[in-house]
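Participant: Given next are the chains, with one letter for each unit.
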Amino acid sequence: MTGAAARLRVNPIACDGRGLCAEILPELITLDDWGFPVVRDGDVPDGLYPEAREAVRLCPKLALWLER
Amino acid sequence: MSAIGAGSQGLWFVSRASGLAVLASFSAVMVLGVAQRLGSAPRRWPRFAVAELHRTLALFSVAFLALHVVTAILDPYVSIGWAATVLPFASGYRTLAVGLGTLAVDFGGAVLLTSLARVRLGWRAWRAVHWLAYVAWPVAFVHALTAGNDLRIWWVALAVWGSAVAVATAAVARLLEAIRPGTRSGRPTEGPAATSGQVMREATPGHARS
Amino acid sequence: MRAASSHHQLADSPGPRLSQLPRLLAADPWAGPASLAEHIGRYGLPPSPGLDQPRRRALIDEVAQSGLAGRGGAGFPAARKLAAVAARRRALVVANGTEGEPASAKDKVLLAVSPHLVVDGAVLAAEIVGADEVTVVVHHAVREIVDAAADERRRAAFDRVRIQVATGAGGFVAGEASAVVHWIERGVAAPTLTPPRLSERGLRGRPTLVQNVETLAHLALVARFGAAWFRKAGTPEEPGSMLVTILGAVPDPGVHEVAIGTPIDEVLGRAGGPAAPLQALLLGGYSGTWVSAAAAALPYSSASLATLGASVGAGLIAALPGDACGLAETARVVRYLADESAGQCGPCLFGLSAVAGEIQRLADGRLSDLSTVRRWLGQVDGRGACHHPDGVVRLVRSALSVFGDELERHSQGWCCATGTASVLPVPVRRHR
Chain E
1 MTGAAARLRV NPIACDGRGL CAEILPELIT LDDWGFPVVR DGDVPDGLYP
51 EAREAVRLCP KLALWLER
Chain W
1 MSAIGAGSQG LWFVSRASGL AVLASFSAVM VLGVAQRLGS APRRWPRFAV
51 AELHRTLALF SVAFLALHVV TAILDPYVSI GWAATVLPFA SGYRTLAVGL
101 GTLAVDFGGA VLLTSLARVR LGWRAWRAVH WLAYVAWPVA FVHALTAGND
151 LRIWWVALAV WGSAVAVATA AVARLLEAIR PGTRSGRPTE GPAATSGQVM
201 REATPGHARS
Chain A
1 MRAASSHHQL ADSPGPRLSQ LPRLLAADPW AGPASLAEHI GRYGLPPSPG
51 LDQPRRRALI DEVAQSGLAG RGGAGFPAAR KLAAVAARRR ALVVANGTEG
101 EPASAKDKVL LAVSPHLVVD GAVLAAEIVG ADEVTVVVHH AVREIVDAAA
151 DERRRAAFDR VRIQVATGAG GFVAGEASAV VHWIERGVAA PTLTPPRLSE
201 RGLRGRPTLV QNVETLAHLA LVARFGAAWF RKAGTPEEPG SMLVTILGAV
251 PDPGVHEVAI GTPIDEVLGR AGGPAAPLQA LLLGGYSGTW VSAAAAALPY
301 SSASLATLGA SVGAGLIAAL PGDACGLAET ARVVRYLADE SAGQCGPCLF
351 GLSAVAGEIQ RLADGRLSDL STVRRWLGQV DGRGACHHPD GVVRLVRSAL
401 SVFGDELERH SQGWCCATGT ASVLPVPVRR HR
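Chains as they are written, first to last, in the numbering used here: chain E, 1 to 68; chain W, 1 to 210; chain A, 1 to 432.
One should not assume that every hint holds.
Each pair of labels, with its calculated beta carbon distance range [claimed, not checked]:
hint: 1; chain 1: A; residue 1: Gly365; chain 2: E; residue 2: Gly42; range: 36 to 46 Å
hint: 2; chain 1: W; residue 1: Ala49; chain 2: E; residue 2: Asp43; range: 44 to 54 Å
hint: 3; chain 1: A; residue 1: Arg374; chain 2: W; residue 2: Arg43; range: 27 to 37 Å
hint: 4; chain 1: E; residue 1: Gly42; chain 2: A; residue 2: Gly41; range: 55 to 65 Å
hint: 5; chain 1: A; residue 1: Ala303; chain 2: E; residue 2: Asp43; range: 26 to 36 Å
hint: 6; chain 1: A; residue 1: Arg57; chain 2: W; residue 2: Leu116; range: 19 to 29 Å
hint: 7; chain 1: E; residue 1: Val38; chain 2: A; residue 2: Asp147; range: 38 to 48 Å
hint: 8; chain 1: E; residue 1: Val38; chain 2: W; residue 2: Ala125; range: 45 to 55 Å
hint: 9; chain 1: A; residue 1: Arg374; chain 2: W; residue 2: Phe60; range: 45 to 55 Å
hint: 10; chain 1: E; residue 1: Asp43; chain 2: A; residue 2: Arg57; range: 32 to 42 Å
hint: 11; chain 1: A; residue 1: Gln164; chain 2: W; residue 2: Ala125; range: 26 to 36 Å
hint: 12; chain 1: E; residue 1: Arg57; chain 2: W; residue 2: Arg43; range: 55 to 65 Å
hint: 13; chain 1: W; residue 1: Gly81; chain 2: A; residue 2: Glu133; range: 51 to 61 Å
These are computed hints drawn from the structure, not numbers from a lab.
Using N, Cα and C, we set each Cβ at its ideal position, and we do this for glycine too.
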């Protein structure tokens, strides 16, 4: 499925470093030394779009969103 | 035995069985919810798996619950009435016991609906209602004790009281985390980064956050 | 009582005697705050654009032509901010005089000496953007003065908009624009996430213009005397004057008004010049940049300082004498900045504390390997909801560069410092 170009963004205030996003999207999200997500710059590749939406949905703090 | 009597027996049986199933799965949902929050699931389980399991089991519980409620109301031998699905203490049969069940449905229903609309509601509103799960469970439990007659069966009692112990443990662990953040009863669930992240965080003075 | 609005004031201005500095600090600082009458006597009446769109537009254009940039540290063009908020309805204005930077005193001094100039600017900004209310947020040290000024104006029915005065929160991040709004609204001085920008959704959900009090003071003068007059001082790219807090190894530390582009050693000369041979300068603020003492030959402007990776920032110049230890000073400041984290974002809360620990070890000579701290700096940069961690990263990177030789010595157990007094003031740790 091709979505319109979108960036994955983290709300650093809401984020608690629970780490689910990095499990679902290791290609785009790595954890820093304290367990908080570092999101790779740029748009989400089409192939990873479903995982990106999954990460947004499953974040316990609703700290992720896709920005067009 | 007459056909109606047999049918009624059947409905009643299904209601009791599905009631036990709801209690068991609801208890599992509670334990998983706490485990996800505290990061205390087995290390090899990814966190998103715990989250999804919590969610899926919750939906299963709704299915069992629907079966439990519908069969109980359809059973012609007891007069409960459809109103009692959501209106507490509207049942003629065992008003208090059934009423507690209704209350549990009401609270649980609020938790369910807000969880389905989580993204739209925002985290704060969702969480405020989610705490009601800790109210719904004990109410459902007392309903199980008072509305059913099956506790004399040994394995039913085992399942029921076992569930209670599991949920109580989870609740205590959650309470401890709330009053003293960082007291985790288990280990973080996944890879080196999150584990060491946890260690790094706890090494920082004044690190306590929600 | 104020005369009818005089928008023609721009043409026949008494400005000429004010082309020379000082402009904002023209009043005698020892005489106490200027009263409304004294203020009008010195600067003339403020023009009122009224509610008329063409006049509001014309004033925004005048500000645009003047090239006035924000004096709160970011240097954002004032006219653009005004235009962004003016394009929306039901706006509000916040004058930000919180001055969370502990070593900076310019906003307090400005409010203590010329409170009416600041309020003029705030009211003018409100009329330009169509706001019916301004909130002037000030450091507690000058609260009474500003209250008195606001009362004077209310008694004289001087302004068309409502003026509220509030005391800013203490704390380093409390001066950040969204933190000020959060503080006014909820009593929590913590930055909020942008988007949405304050110009779209700010105080009470309304479009909010947040401007530093010094910027508003300059605005009040541009509105009176025009863009051409404003540009008579400063450089073509960075016109006007600015307030500078000079501290450290100078005989006469304090706040001075200088034309942008003045050579830095001349600026230091206003505070009596260096009291001892200098080793380095800290420019901008505690989230600013260290530069070597040789930079004193440069003009004091962000354009020229950009070659050293620095900018004028919030107008702070701290002179570090040769006998001080730049690493020790930096370590103290970084520990302070780490403790001042609002604690909302993981990378800031944990990362800055970790960096502070490493820098302290560097200063103590117990560490020579920079790879960990460099990795952490990279992990922290840009990962907060506000720019607090970015500022710390900037400060530390510049310290590692400017004090590179000292680092070498420290790693071998030596420190060049012979002085024992600390140079950079850091407040005593507050308990939250």
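Participant: Are the hints correct? Go through all of them and say.
Facilitator: Outcome of the hint check:
1. Distance hint check: the CB atoms of Gly365/A and Gly42/E are about 42 Å apart, consistent with the given range 36 to 46 Å.
2. Checked against the hint of 44 to 54 Å, the C-beta distance between Ala49/W and Asp43/E comes to roughly 27 Å, which is inconsistent with it.
3. Evaluation of the 27 to 37 Å hint for Arg374/A and Arg43/W yields a pass: the beta carbon distance comes to about 31 Å.
4. Look at Gly42/E against Gly41/A: about 59 Å separates their beta carbons, and that is inside 55 to 65 Å.
5. Checked against the hint of 26 to 36 Å, the C-beta distance between Ala303/A and Asp43/E comes to roughly 34 Å, which is consistent with it.
6. In this structure the hint that Arg57/A and Leu116/W lie 19 to 29 Å apart at CB is violated, the actual value being about 49 Å.
7. Separated by about 47 Å at the C-beta atoms, Val38/E and Asp147/A satisfy the suggested range of 38 to 48 Å.
8. Range check, Val38/E to Ala125/W: Cβ separation about 29 Å, and the 45 to 55 Å hint is violated.
9. A C-beta distance of roughly 50 Å is found between Arg374/A and Phe60/W, which places it inside the suggested range of 45 to 55 Å.
10. In this structure, Asp43/E and Arg57/A meet the distance hint of 32 to 42 Å, their C-beta atoms being roughly 38 Å apart.
11. One distance hint, 26 to 36 Å for the beta-carbon pair Gln164/A and Ala125/W, holds here, with the actual separation near 31 Å.
12. Evaluation of the 55 to 65 Å hint for Arg57/E and Arg43/W yields a failure: the beta carbon distance comes to about 24 Å.
13. Between Gly81/W and Glu133/A the beta carbon distance is about 58 Å. The supplied range of 51 to 61 Å therefore holds.
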